[in-house]
Amino acid sequence: MKEIAYRDALREALREEMRRDQTVFLLGEDIGRFWGGAFKVTNGLAEEFGDERVRDTPISESTIIGAAVGAAITGMRPVAEIMFGDLTALAMDQIANQAAKIRYMFGGQAKAPMVIRTPFGGGVNIASHHSQSLEAWFMHVPGLYVAVPSTPYDAKGLLKTAIRGDNPVFFCEHKLLYPLKGMIPEEEYTLPFGKADVKREGKDVTVFATMFMVHQALTAAERLSRENISVEVIDPRTLVPLDKAALLASVKKTGRIVIVSEDCKTAGVSAEIAAIVAEEAIDYLDAPIKRVAEPDTPIPFSPPLEKFVIPDENRIIKAVKEIV
Amino acid sequence: MKEIAYRDALREALREEMRRDQTVFLLGEDIGRFWGGAFKVTNGLAEEFGDERVRDTPISESTIIGAAVGAAITGMRPVAEIMFGDLTALAMDQIANQAAKIRYMFGGQAKAPMVIRTPFGGGVNIASHHSQSLEAWFMHVPGLYVAVPSTPYDAKGLLKTAIRGDNPVFFCEHKLLYPLKGMIPEEEYTLPFGKADVKREGKDVTVFATMFMVHQALTAAERLSRENISVEVIDPRTLVPLDKAALLASVKKTGRIVIVSEDCKTAGVSAEIAAIVAEEAIDYLDAPIKRVAEPDTPIPFSPPLEKFVIPDENRIIKAVKEIV
Amino acid sequence: MTHDKEKLVEMYTKMLEIRFFEEKVYELYGQNLVPGTIHLYAGEEAVAVGVCSALSREDYIVSTHRGHGHCIAKGADLKKTMAEILGKKTGYCKGKGGSMHIADFNIGMLGATAVVGAGVPIASGAGLSIKLRGTDQVCACFFGDGASNQGTFHEGINLAATWALPVLFVCENNLYAMGTRQSQVMLIENVAERASAYGIPGVTVDGNDVLAVYEVAEEAVKRARVGKGPTLIECKTYRHKGHSRVDPATYRPKEEVAEWLKKDPIIRFREQLFKMHVLTEEEAKEIESKVTVAINAAVKFALESPYPEPEEALEDVYA
Amino acid sequence: MTHDKEKLVEMYTKMLEIRFFEEKVYELYGQNLVPGTIHLYAGEEAVAVGVCSALSREDYIVSTHRGHGHCIAKGADLKKTMAEILGKKTGYCKGKGGSMHIADFNIGMLGATAVVGAGVPIASGAGLSIKLRGTDQVCACFFGDGASNQGTFHEGINLAATWALPVLFVCENNLYAMGTRQSQVMLIENVAERASAYGIPGVTVDGNDVLAVYEVAEEAVKRARVGKGPTLIECKTYRHKGHSRVDPATYRPKEEVAEWLKKDPIIRFREQLFKMHVLTEEEAKEIESKVTVAINAAVKFALESPYPEPEEALEDVYA
Ligand SMILES: Cc1ncc(C[n+]2csc(CCOP(=O)(O)OP(=O)(O)O)c2C)c(N)n1
Ligand SMILES: Cc1ncc(C[n+]2csc(CCOP(=O)(O)OP(=O)(O)O)c2C)c(N)n1
Ligand SMILES: [Mg+2]
Ligand SMILES: [Mg+2]
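Same order as they appear, the protein sequences are chains A, B, C and D.
When you read off a place in the first sequence, starting at 1, and then add 54, the result is the number in my numbering.
When you read off a place in the second sequence, starting at 1, and then add 54, the result is the number in my numbering.
When you read off a place in the third sequence, starting at 1, and then add 19, the result is the number in my numbering.
When you read off a place in the fourth sequence, starting at 1, and then add 19, the result is the number in my numbering.
Honestly, I wouldn't trust all of these hints.
[Claimed, not checked] Selected chain A positions facing chain B (Cβ under 8 angstroms, derived; list incomplete): (1) M55; (2) K56; (3) A143; (4) L144; (5) A150; (6) N151; (7) G177; (8) V178; (9) A181; (10) W191; (11) D297; (12) S324; (13) V331.
What the hints contain is simulated information worked out from the structure, not anything from laboratory work.
Every value quoted in this text rests on a predicted model; they were computed, and no experiment measured them.
Just so it is clear, CB atoms sit at the ideal spot from N, CA and C, and this is done for glycine as well.
Please work from the sequences and hints to get the whole structure.
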């Protein structure tokens, strides 16, 4: 095992897959030798693989994705970076109407093995156009997979799987996670999609969380344990496919669930999770379902404002206490 | 009272508001004198109000919305038409990042009184790029209102309110509803946002439905009544703001809810409604929450395939029977 | 210009196939046998055939809502095309795509997208793929005059230009986007003028003259294959029918329609072939009956084919 | 060219205000007093001031992530601008917007969007609004070289061209988009050449020469006010610092940076004013100290202002 930062784990995945498979290549704005990616994920890769396979693009988000689609359906495995998750809105047609549907519309003739990497999340005071978490939009698009790694280990293993798979994967990263360190094996590994990870076992209440919120949930769980409340923290690792079995098993065990998600509450990730539990495990619930999410506002700039809207351990603790 | 088709009711709303207020104008592709709108909603308006106020645009969805934003924040009240709801994906940045956030980002200085009209829904065999229902994406965007009229009466009343309001409104229409007829008053009226309509009263089970699904729900309710199952059909009319009080009151009364929505199930409209009930009325539920929605597939072309994916009265009846 | 008789006859035959195919689709639609909507290619045959004749089987094309002609020109099977348009299980896309989403990956037909303009970046991506794989393929991307006002046109062509990708951007300028005249939505007369914004060649050609289109396309293909990058080719043409099957197209002046009908690309090409002594009246008749037979067989096949089973709707979402 | 002394001095003063303002922001950022990120305008002052000097208070501007300069040039209050950048309640947007989303609707500053290129259609919309309301306002839209590769650039300008909207599309070509050189992402040398794709005038001007910019802008404003439609103005300029505060900008050759620093628009303009006898050394000093005082007052105001209350985050979502 070795210790590595989330961003470096992502880079290792890219590097290993690019070495293994000549059809893998990267495209995006400022991902090449002059910048190395806005968050440095691709730093050094242009030097190793050349400018042909690590391509700096114009500021044309829609075409970054469109070009990836065209390359993917003709034999390549592009990994496209959209510099900020908010900007995926510019490419929504290419993502949702083209990449995701191209296989289906054409009756299974085509496949589009491509990955769209993008950072979501707030916490660094860059306001409404650079701080959103929009996973829910993409969960709502059949044909896409949606990965949401919360640790370096998950990030590397899931990204390798994403690149090797034959479906378009919307791969979410998180600005605050990039510097986060964690242990990963020295040897090569991949992680399956649709397999949740119990980040902490517990018996009184299930906390379902993704991305940066997993860490808030773990902190909350630790603090609650001192008050003898035993929290189970479930991290789905991919939202599509979703490990429903793990989610429901945990809920059936604890009888309570708090769903934590760093996106606007209405029609967000937490809504779908709550709905699944309400459909399939309601008889096991001993308390109402709780959602901890952002209020329905854009993300404000000023630190006290931003801090107010992004869920934190205190809000999780409060929610847990309301139902145990 | 008079009988009128949904599309004509919409046109009446546009005409009345354009007569009342010089700042109201329309823009969109083929909405003018040569075509009158792909679904004929704007037919005849260019003749009455001139080409300056009923503007045919280039095929530039993103700029149709962007131009509406620019006009709205400088004193006009644009009503933009996007020819098919699927194509809003092309304008997602202008809708979600600009129109919706412009007020908030600028600390309340600006307002963007604009309406985005677009038809959703399947049923006419025009396949994956022209048949989706994407309301959930827009519910997830704070700063937007989302209207979902199911009848000529609701369509006219809500559209007038949308035009008069000071917020951007995402106004959903439905292809199969355009020819649908219904009664409306002779005299002028408007309908408030955030006020649900009980389309049919009942006591055994609540069926929450929107748009074309309201009619499927009513048919199902009628059929179920013959088996002595009393169904209450709730139509929220606007998804944002949502009349939670009416929803919860109905659920508390019936103890059961089936949520019907013509969109892909995962992270769709039905997820949010289910989540609200699971958070706020779980103790009143006598059965699991049921969602009736599209399976997670794009909309296929061939009639038997399309019919299979779009929810209908039979699926609603089946869902109701599973919980009563 | 090619003087290869076989090739010229093949081009003529393809054009005829498209025309007869579209006439059948028109007819079947009137009989309520075609679900949904259709956008006929009749009148524009010289564009698809001119361009595709300059391509090899390994080359790619990216198509649009008005895609039947592109398919046939690239060599698609008439039966599977017709079956798809009728929503049958035996169609190219098993009935999932229909008229607006036909594709045949075996012949490099990368599919039709019904989002106007969305094919442009996809074509650039195919060009990029070619470049990275180091083959000498090219990709031809069809789109309309209306599509040239989409952001994707700008972005996609700029990308291909900058990276010198082997792509032909073929604007089928039929003067209208639905009911909207070109002059209502842009100030310039020739869409090809936009090429200068990307530093690539732009050519405007008579889109009803199949040999002229062929020549321009051949030149562009040559450039593309040797790494000189994309060309924007604008073909001035006209659709004989309304935008879609239900459109009476009353927004078009009668004289304009009449004038363009006189420029029918098939009649023109036939006259030319006669003059060139490549074709005799008799041979022309023969081709016509051969094509009629083929189209009728396609219709029969499509009509007799079963619809997909409802549950098949759940397949093909993921690989 | 204007020879009105008052106007020239005002232009010079504005440029200085921007420069000193940016220097303070740079300094405050280093002291951890500026949250988030900032994109400094230093070096590009001649563009904003040249253009805005050709506008009246009633005219509009649409701005970008690099927007401090646009604000100040349009006449924004230094205090409220600085307070916003520091996230204070007294800022233009009550701390909700920050550096990338400043706006002052009272002076026609319609706000900065941080989505590159997104302002272009919004500016066209403002132009449309002007046309429909029948006022004689114009709207100037600022954006970068990088932004000119966005689909919105194409769509937005085409719309304004077609409808003859009173808009100035001002491309601040500072040669780079983050670390990406212009030549990496387009083949043409002058973004202004793209104007021909829309049938409107395109002008490339030395963006470090405030009077040259002013003249070109004045001409474009004149055209716009009489209904002749938009102009695309490309101003070649250079940012003195990195893209954002944390960028060391090592991708730029040292010689290039040195050369451009020599072309500093403020120094150049001052020399010009001396030569024109519009300004004396002494007067220049006076202006400098006046501006210094103003900037210091703005900093003091901003630093002493309170942050918003957390719950204010919930306000201003809907009207
Ligand atoms: C992005 C988008 N906008 C609108 C439509 C609706 N629509 C379908 S075809 C068409 C006109 C296209 O015109 P053009 O590009 O000139 O192609 P043509 O139909 O003339 O071949 C429109 C507006 C669409 N399918 N996609
Ligand atoms: C649509 C979009 N893509 C990417 C970014 C990230 N980004 C911010 S500024 C910038 C460079 C913009 O370059 P240019 O338009 O030349 O303006 P400049 O910064 O040089 O003034 C990028 C890529 C963004 N904010 N928006
Ligand atoms: Mg056309
Ligand atoms: Mg730049």
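* What are the numbers of the hints the structure violates, in ascending order? -> 1, 2, 7, 8, 11
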